[in-house]
Amino acid sequence: DAEITQSPRHKITETGRQVTLACHQTWNHNNMFWYRQDLGHGLRLIHYSYGVQDTNKGEVSDGYSVSRSNTEDLPLTLESAASSQTSVYFCASSGAGEVADTQYFGPGTRLTVL
Amino acid sequence: QKEVEQDPGPLSVPEGAIVSLNCTYSNSAFQYFMWYRQYSRKGPELLMYTYSSGNKEDGRFTAQVDKSSKYISLFIRDSQPSDSATYLCAMSALYELIFGQGTELSVKP
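Quick note, the sequences are listed as chains A and B, same order. For the record, in the first sequence the residue sitting at position 29 is 29 according to this note's numbering, with numbers rising by one throughout. For the record, in the second sequence the residue sitting at position 50 is 50 according to this note's numbering, with numbers rising by one throughout.
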């Protein structure tokens, strides 16, 4: 069955370190998204991609970067982790060519920055 | 003011109750409206999807959209303990989804 996976599921890091969160989907979806979820804020969009080599900034992109070298993967990098980036991170994907198509979410990565 | 407002709750109801969850929004360009359900420590999953105004029913769940009032609702009939989760509304003008803060629902046996 097609799925979307994230790794690691839990990560503790220190302020200033570079961190990369992995997202891999087997739906063959063109669209991929990264969100962070914090109490009182719901899900906020960090970055998104509509295809290979395409990346776009979302609402809360400062301090994060992504790159899309193939269809299946969209890794999220925190260049220099800050305590404000402690959060739960979700990756999602959706099909191309259909407006507001169903987004399928991964299980999440819980990141703690000390 | 946020584009999408949702009462975070928490909301606690007895088993069998009718539950009403609501969101308001400010962007009149939104035309796709969704409800996601998120169990504890899991990713959100799509529950209901509605295009434009009107009602949509799926089993015990009914989604309503009133674009004139910029207001959407999710009704759960005969609520069950298995419905205990966080419910997030989401809406879109095209591709990008804007989420509400989520309402935490607890259904007590």
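Hint data in this document are derived by calculation from the structure and do not stem from the laboratory. Note that CB positions come from ideal geometry on N, CA and C, so glycine has one too. Mixed in with the good hints there might be a few duds.
To be verified - Cross-link-like lysine to aspartate or glutamate pairs, in silico, DMTMM-like; alpha carbons within 25 angstroms at most:
(1) Lys2/B to Asp1/A
(2) Lys57/A to Asp1/A
(3) Lys108/B to Asp7/B
(4) Lys56/B to Asp66/B
(5) Lys42/B to Asp1/A
(6) Lys57/A to Glu79/A
(7) Lys2/B to Asp62/A
(8) Lys70/B to Glu72/A
(9) Lys2/B to Glu14/A
(10) Lys42/B to Glu59/A
(11) Lys57/A to Glu96/B
(12) Lys42/B to Glu3/A
(13) Lys2/B to Glu59/A
(14) Lys108/B to Asp66/B
(15) Lys2/B to Glu72/A
(16) Lys67/B to Glu5/B
(17) Lys70/B to Glu15/B
(18) Lys57/A to Glu3/B
(19) Lys11/A to Glu45/B
What the hints assert, rightly or not - Taking beta-carbon pairs under 10 angstroms as the criterion, some of the chain A residues facing chain B (in silico):
(20) His24
(21) Trp27
(22) His41
(23) Tyr64
(24) Arg68
(25) Phe105
(26) Gly106
(27) Gly108
(28) Thr112
Claimed, not checked - From the structure, some residues in chain B lie toward chain A, with a derived Cβ separation under 10 angstroms:
(29) Lys2
(30) Pro8
(31) Leu46
(32) Gly59
(33) Phe61
(34) Asp66
(35) Lys70
(36) Phe75
(37) Leu97
(38) Phe99
(39) Gln101
(40) Pro109
At a threshold of 10 angstroms, is the proposed contact between phenylalanine 75/B and chain A supported by beta-carbon distances?
With a closest approach of 21 angstroms, the phenylalanine 75/B hint is violated.
Does glutamate 15/B lie within 25 angstroms of lysine 70/B when you go C-alpha to C-alpha?
Not OK: lysine 70/B and glutamate 15/B at ~30 angstroms, beyond 25 angstroms, violated.
Check the hint pairing lysine 67/B with glutamate 5/B against an upper bound of 25 angstroms on the C-alpha distance.
OK: lysine 67/B and glutamate 5/B at ~15 angstroms, within 25 angstroms.
Run the distance test for lysine 2/B versus glutamate 59/A: straight-line Cα separation, threshold 25 angstroms.
Distance ~12 angstroms between lysine 2/B and glutamate 59/A Cα, so the pair holds.
Hey, lysine 2/B versus aspartate 62/A, does the alpha-carbon distance stay inside 25 angstroms?
Distance ~19 angstroms between lysine 2/B and aspartate 62/A Cα, so the pair holds.
Hint validity - tyrosine 64/A Cβ closer than 10 angstroms to any chain B Cβ
violated (16 angstroms)
A closest beta-carbon separation below 10 angstroms is what the hint needs, so does phenylalanine 61/B meet it against chain A?
violated (16 angstroms)
Would you check whether histidine 41/A satisfies its interface hint, that is, whether its CB is within less than 10 angstroms of any CB in chain B?
holds (6 angstroms)
Would the pair lysine 42/B and glutamate 59/A pass a check requiring their Cα atoms to be no farther apart than 25 angstroms?
holds (23 angstroms)
Would you mind confirming whether the straight-line C-alpha gap from lysine 57/A to glutamate 3/B stays at or under 25 angstroms?
holds (18 angstroms)
Would you check whether phenylalanine 105/A satisfies its interface hint, that is, whether its CB is within less than 10 angstroms of any CB in chain B?
Holds. Min distance 3 angstroms.
The hint names glutamine 101/B as touching chain A; please verify it with the least Cβ-Cβ distance against 10 angstroms.
OK, holds: glutamine 101/B within 10 angstroms of chain A, min 4 angstroms.
Hint check: violations occur at hints 1, 2, 8, 9, 14, 15, 17, 20, 21, 23, 24, 28, 32, 33, 34, 35, 36 and 40; the rest are consistent with the structure.
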